[in-house]
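K.L.:
Spelled out from the first residue to the last, the chains are:
There are 2 protein chains.
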Amino acid sequence: MKRRTFRVVFQPSGRRGEIEGEKTLLDASRELGADIESLCGGKQLCGKCRVRIEEGRFDELHIRSRMSHVSEWHSSEQKFINTSEKAEGFRLACAARLRGDILAFVPEESRAARQVVRKAAREIEIKQNPVVRLYYVELSRPSLDDPLGDFERLAQKLDETYGLKSLGVDYLVLPKLPDILRKADWKVTVAVWNDQEIIWIHPGPVEEYWGLAVDIGTTTLAAYLCSLKNGKVHATESMMNPQVTYGEDVMSRITYSSTRSGEGLREMNTLIISALNDMIARAADTTGIGTRDILDMTLVGNTAMHHLLLRINPQHVGLSPFAPAIHRSMDIKARDLGIDINKSAYVHILPIEAGFVGADNVGVLICEEPYRRDEVHLVIDIGTNGELVLGNRERMIVSSCATGPALEGAQITSGMRAAPGAIERIKIDPESFELNYKVIGKNEWSQHSGPGRMGTKGICGSGIIDLLGELYRTGIVQKSGAFNRNLKTRRLRDSNDGEVEFVVAWKEETSIGKDIVVTQGDIRQIQLAKAALYAGAKLMMRRRGIKQIDRVVIAGAFGSYVDREEALIIGMIPDVAPEKIISVGNAAGDGARIALLNKEKRDEANRIARQVEYMELTIEEGFQDEFIAALQIPHALDSFHHLKGVVPDQILNQ
Amino acid sequence: MKRRTFRVVFQPSGRRGEIEGEKTLLDASRELGADIESLCGGKQLCGKCRVRIEEGRFDELHIRSRMSHVSEWHSSEQKFINTSEKAEGFRLACAARLRGDILAFVPEESRAARQVVRKAAREIEIKQNPVVRLYYVELSRPSLDDPLGDFERLAQKLDETYGLKSLGVDYLVLPKLPDILRKADWKVTVAVWNDQEIIWIHPGPVEEYWGLAVDIGTTTLAAYLCSLKNGKVHATESMMNPQVTYGEDVMSRITYSSTRSGEGLREMNTLIISALNDMIARAADTTGIGTRDILDMTLVGNTAMHHLLLRINPQHVGLSPFAPAIHRSMDIKARDLGIDINKSAYVHILPIEAGFVGADNVGVLICEEPYRRDEVHLVIDIGTNGELVLGNRERMIVSSCATGPALEGAQITSGMRAAPGAIERIKIDPESFELNYKVIGKNEWSQHSGPGRMGTKGICGSGIIDLLGELYRTGIVQKSGAFNRNLKTRRLRDSNDGEVEFVVAWKEETSIGKDIVVTQGDIRQIQLAKAALYAGAKLMMRRRGIKQIDRVVIAGAFGSYVDREEALIIGMIPDVAPEKIISVGNAAGDGARIALLNKEKRDEANRIARQVEYMELTIEEGFQDEFIAALQIPHALDSFHHLKGVVPDQILNQ
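Just so you know, the sequences run in chain order F and R.
Each step along the first sequence adds one to the number in this note's numbering, with nothing skipped, and position 216 is 568.
Each step along the second sequence adds one to the number in this note's numbering, with nothing skipped, and position 593 is 945.
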């Protein structure tokens, strides 16, 4: 029996349509393309998907029969919607099920941000040695004395001229050979993949050709369209990973993938492929070429993204012992993956290191090359998961730590992604405890701007680190993480639930119509996250027998904006001179670009992925002790050497 | 503007449907699946597609307006339809265009025969060494101490146990790995292609697995489903090549492929692929397996069939200097070709030698292996084209000769394919000039059967050779090929067009309601065909400096039924002892089977295809003289040594 359908309208987007009864409003929003935030994947845990039912809540008949156009209030909603909000019609979109026609308003803070921070390509030196190369040849015509077949004629000439032995040809190129050779008067350019296979043929001489490097982040997708002739980036495209609507974090996606006997996996796979194709079309358009002109592609992503892309069940990656389906790199025909570049081109998927350390980390490594250096490096890749690599040319170890999403702005009362409206920098005056902050998308700091002009929406990762650092430096938060209630500032107050909270921005400075705050609970989340990173680094140093790190590399789009001193203050990273901390931005994407442009780096990536030793932190002796100690701000066991002068002595010596 | 459509019914098949106006009835028959013969490909040259318009020919209105439901009589039809037939409503289906509703009757002789002679698999000794092999392994489970990925775990074990190094995996197998390994408690069987790539995984131990060898003939498709464990043939399927409706011979298909800017090519490609898939489904069904259980496949076919299969424009193969798109063998994923065996399996397409000497000939060679022997072999593959290979271990030359389709029963007044109802054997009494013949599908010879029980429809290739041999041996036809009109037999008579003709079977012995005859013109066609073969062989012998052939191998389904002595009598092959002539049946298909079961033979095929020297007969000095001399019956320059006692002296010494 087919279920009844109801009319659903989402505002302000205006998305509307008929939706089957008993579906949640979150599902309805996905079907209709109205993007509602869901960090927990619809499990009523994050409270980010609050919507206001505007119409259809109660009609006369329903009031009489005590029924509503949506399902009954659920106890799990209590935590996120107070009584007056409930009276206004607020519901969690993941809890309310459709039972009649409705119009729902999606408040700004519940909207999945459409604009995302661009992952711009860094200027990096890349040795130009692409896997796909162009070769121009002029052939002799066949005759009755020399009736050699077209392919063999071409291969023979490529061998004579360029020393290319035992060439193959993609079966889709073959049908083009006879006509192109004759129309081009036997003068053609071919593209050869890895000195092995002809994947493209074109009449006459050709100089410019194209490749695409892609970083599939859990949150953001980035694509760089490069000239394979000189490596220049011609277009950078980025967009939100559309799988975000199935949950912000990797674990939510893994859970979703196994729903409906694997249909969830197919659904997410289709989503990511079509998102990639959108980016490819845009990048080609920007560059003024056709998507079929793209002759090579590289891909990095964490293990879960890697598996979802290949339609591999990622479930086992999420369960101890976290074994992935495959480590090594793969070369798969674009057509097999459904990726709209040239059908004969290969997509090179970089290797992964371990269950939780993916090809994105490999990308960072081949970009930063700690394995070539004497200095001991600590590479921190803070994405939705934290990945740590420690070592130098002698030995490299890698681990993954469950930072949780706090450092990315999730599971924090006013947390949000690094998107326009997010506070990314904070300074607190130690006398007045007044704030000065900067939001993404505005050039002026808040103190130089009218409150109404900030349009603040929340706090993103770098803002959160600044905030904790400043709260500690100014004594508002103590070493233990507890607020100092003795301080006289109107910003420190009791919340509705009886918790202590600190007001970061007043209602009138925001575009969401309420104060932006950080609660005692939020501080605890941030402490857990930073402690996980710190304890991980410390245990790795112990394993390697290292007392001092020479260099800290922070990767991830998030990392680009982290204030080095604040990161030291909160004890997120072991003590090191601030100038030895460098941010490398989207190094995973840079790694993809490097692998696109230099084939030796692909071999290097496979070698490194195999050599790096994986260390499972949770089973390491002393993990618990290190972790608990690391909860303090700054780390209780550290020397604070580099914080002298940055944090007042009386605070450090509390 | 969309054309009007009309209702068309074909009888006796009863196929019916709406067809766009102005299409020919031949096109309509193709659309509706009513199989009408067309040897010339709809060019009004062969006259095989005669149909009788039963209804809708003239209705009252149309009589008044002098219009018909089909287009006007075309002058080209005159040649094939006499005045009384015209009055009955006979038309050429390729000439008459649809202009109203019609019912058309397709007479038996115009129906494309559905039943074809099975190309049964010969008993041949094949060394079992398949490219795809099964390996069983038991793996250790992953743990936190050993969290190696599934593929690497598997590959490591396969290396340890079987020495398989640097294994790859098809990207479609990868998604199955994690679940199958865990469900099978880490005990699995994998199929590995060419010691390189895992293409299949199955829980637990597996012994039996499957492969398919296919021969794509111009006329007939044959498929052999074999156990890859022991080589046994479990199912043999054959069917008519559905491209036959676009013309019997290779040149008609090449011409058709270029119609409608390549749409003709796509159409024929789709036809052949779907025919292969039908055969695969039937073979799998017969064997009681799924099509996905077929893990390897080999394919042979002439160059045009090869190109059509790969969707390569075959036009240049049909034009001097006849260069094919590629010579060497190819391994293409079944999924890429749209062939419904296991999606991860490869299809191995055997190499081709030259423009007119295809993979089918290579199949014959690796089956017969003349290149391993001291005896000089002449291998004759008479399909729709004649291919000749001459040589031994020292040197091999190959040529193609334009025999025309006469030896296959086409372009002969009463010629037909080797299908039920075809005369395949003929003996003529030298005194009475009465015939005794045998038709395919009946066990009794005509003299032991009532005339009404023969159901004769025409004469196929082997019957044609017998006929000419017997006509010559009994003096009815002279050395020159001319009928001896002085003989007293009612079978020799003037035809309607004033030509002399010989009655092979009287109307009452046939199922087509008319006498089966051979005309002076037909004799001339047969002479041209046999002369082409003979002259070719002679020129090749001259090139190799050989006076005597040691062994003649006749390949092709046609060849299985050729009477060796009759072939010598008509001078189709150079003089050799009859016992040195052997028929090897569908050796091309056997070659495909050999390549399926033994990978060394694939390498051998590539080596041989490259080594065999192609000789273009038409530009060879003296070709014309040899050809003209060879028109005589038997060959005028030959010794007739082996015909003594077989042909009366007075005839030989005419």
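Don't take every hint at face value.
What the hints assert, rightly or not - Examples of chain R residues lying across from chain F (beta carbon under 7 Å, computed): (1) P459; (2) P494; (3) L496; (4) L526.
Unchecked claim - Reference listing, derived: stretches of chain F covered by chain R, where coverage requires no fewer than 3 residues with Cβ under 8 Å from a Cβ of chain R: (5) 558-568; (6) 664-670.
Read the hints as simulated data drawn from the structure, not as lab findings.
Here a beta-carbon is modelled for each residue, glycine too, at the ideal position from N, C-alpha and C.
K.L.:
Does each hint fit the structure? Answer for all of them.
P.N.:
Here's how the hints hold up against the structure:
1. P459: Nearest chain F Cβ about 40 Å off; hint violated.
2. P494: holds (4 Å)
3. L496: holds (5 Å)
4. L526: holds (6 Å)
5. 558-568: Answer violated; 0 residues pass the 8 Å Cβ test.
6. 664-670: With 4 residues in contact (Cβ-Cβ under 8 Å with chain R), the coverage given for the region 664-670 of chain F holds.
Consistency note: the structure conflicts with the earlier hints numbered 1, 5.
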